[in-house]
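K.L.:
Letter by letter, the chains look like this.
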Amino acid sequence: MKSTDMDLKPAFSDPVMDSTESYRVIMQAMAKPAYAHEFPLEMDVPGKIGAAAGQILLTMADGDTPLWIAPELRDSALDLWIRFHTGCPLVERPEEATFVLATPETALKQLEKLSTGSPEYPDRGATVILVSKMIKADSGPVCSGPGFKEPRRIDFDGASPALWSLIGESRMDYPAGLDWLLVSGQSVAALPRSTKLEDTTCM
Amino acid sequence: MKAIEDNNGQEQSGWALADRQRWMGILARAACRDLEAFLDQLPDSGGYDFLRLPEIGLSMVRGRAGGTGDPFNLGEMTVTRCSLRLADGTVGHGYIKGRDKRHCELAALFDALLQRDEYRQDLFARLIDPLEKKWLEKRHERSRKAAATKVEFYTMVRGED
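These protein sequence lines are chains R and A, in that order. Just so we're aligned, residue 186 is where the first sequence starts under our numbering, counting upward by one. Just so we're aligned, residue 15 is where the second sequence starts under our numbering, counting upward by one.
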């Protein structure tokens, strides 16, 4: 207890205002999907997940949102930090999770099992926070749907045709499905389940 | 005080979990002005950062009638909590009843200092033990005053005929 406590890092310095600001970025990202939005607040988040993923969790996660973290992102300091600051339970099985922290590699192996909700309860679909090295706008599938004036492309480091088709399939049973938040450093780009992806096979 | 193993199997030196529970309880029951007064006599501890600013919330207090009945929710009480970290990384937590944020901050600060070997003995002798004594005296005084108002009831055997 004493020794692990030593690794505990602070979170938001002004919890109310900082989480409000962070919430706004997430809301904008969902309203304007497939576009990289920047979190203005820089933050030292333990582990390898980056400031954007850390702020999303601090803002959205709480005792009612079980979180599954992919094994390669697991880190004792990160676990401690999330538990202390958000109180959200860390689960061992991805299918129990409301929020999922994953990398492109694990996403392919583990995410078929995620809860997508049902037509009666679409809100039970999980949100995947996909940690990658870079978000790119000049390649990848063409996205359209609510929130798009004209179609946009989005891509990220580590993406593969198989992963894009998994992301594409996760919105076939609309309104049930998965919401995706691509994060990289300070940036977040959302792919809510309402966004249509085209060309997911021929990249 | 002896070294114990915590849940992770790591050895902690200097203090046991029960000691910490005791001092946290005493700090929570102490008067804020007593802690404040003691702070001035303290050698410089190198400052601290907040991990969690003092925040006020509610905690459900549960009771159990007679010690054997089913647990029930007695009611909610106001609780303030706070966590901070000393310059060397020691983390202290403060949980107090009521909404005195400064009291909570000081409770967390002393909790952190008490975990450090170089402060513990001095703090026990000059802060924790006197505070506990003061609290026990106050409690004794209250129960003595209450006991003085005790009324003995007894019923005569009442014959109907």
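It is worth saying that the hints were derived from the structure and are not from the lab. Treat the hints with care, since some could be wrong.
[Stated by the list, open to error] Sample of chain R residues with no beta-carbon within 10 angstroms of chain A, all distances over it, derived:
| id | residue |
| --- | --- |
| 1 | Ser324 |
| 2 | Ala347 |
| 3 | Gln371 |
[As the list claims (entries may be wrong)] Distance windows between CB atoms, simulated:
| id | chain 1 | residue 1 | chain 2 | residue 2 | range |
| --- | --- | --- | --- | --- | --- |
| 4 | A | Gly60 | R | Pro360 | 47 to 57 angstroms |
| 5 | R | Ala262 | A | Gly71 | 21 to 31 angstroms |
| 6 | A | Ala79 | R | Glu277 | 35 to 45 angstroms |
| 7 | A | Asp136 | R | Met191 | 17 to 27 angstroms |
| 8 | A | Leu72 | R | Ser379 | 46 to 56 angstroms |
Even for Gly, the Cβ is constructed at its ideal location relative to N, Cα and C.
K.L.:
Check the structure against each numbered hint from earlier and tell me which ones fail, lowest number first.
P.N.:
8
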